[in-house]
Amino acid sequence: SQELEQSPQSLIVQEGKNLTINCTSSKTLYGLYWYKQKYGEGLIFLMMLQKGGEEKSHEKITAKLDEKKQQSSLHITASQPSHAGIYLCGADGPYSGGSNYKLTFGKGTLLTVNP
Amino acid sequence: KAGVTQTPRYLIKTRGQQVTLSCSPISGHRSVSWYQQTPGQGLQFLFEYFSETQRNKGNFPGRFSGRQFSNSRSEMNVSTLELGDSALYLCASSRFDRRGSADTQYFGPGTRLTVL
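As you go down the protein sequences, you meet chains P and S in turn.
Here my numbering is used: the first sequence runs in plain steps of one and ends on residue 151.
Here my numbering is used: the second sequence runs in plain steps of one and ends on residue 345.
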């Protein structure tokens, strides 16, 4: 099964600083999703990447999928307290059409932004 | 457009009881997936329904079951509750069957289940 490793597990930054969260897969990524979660709440969709080398941005958050499609990074520029939360990457597996297909998630990165 | 809704938001049960959770997907979405989230295991896939049929199932015991109705609303049932079933249960909806293409899943706020 596909494994997703996120690093770091937790991160504390000062407001205004830049930061990067990584998501590494044991297999080729066919679809990579980034979500944000406030503790005990649902996941908020941030971005989806599919093509090797693809990069997407939304406000101050940029996500990239490397050429080999086995690693993605999430970069936040000039962090704000509103960026605090748990960031999760999720990945689609190969489209085998089999009955065991599922979306896999990393364990998450807890981001704290100190004012 | 309204988002994914889940009811109830909080639930307290005792061991041995059963529980039913409900999920209403985004209008027009036909796929509903269920996940269990715990601090130790993270987010784990339970099952996916599309057009009233279970398409995929995770590695959970048979005590966990679900169904989907013709209006795409879905319910999840857990029978003979155990302490370890305490978790945040999340449902997510997408337009298409997940085996066919990469399609964004939108999550509900979750149901917090506590088993005493």
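Hints are computed from structural coordinates only; laboratory data are not their basis.
It is possible that some hints are incorrect.
[As the list claims (entries may be wrong)] Computed from the model, here is a short list of chain P residues facing chain S with C-beta under 7 Å:
#1 K87
#2 E103
#3 F141
#4 L146
#5 V149
[What the hints assert, rightly or not] Computed from the model, here is a short list of chain S residues facing chain P with C-beta under 8 Å:
#6 G271
#7 F274
#8 G339
We put the beta carbon where it would ideally sit given N, CA and C, even for glycine.
Review point. Checked against the structure, which of the hints given earlier come out wrong?
Key: Failing hints, ascending: 1, 2, 4 and 5.
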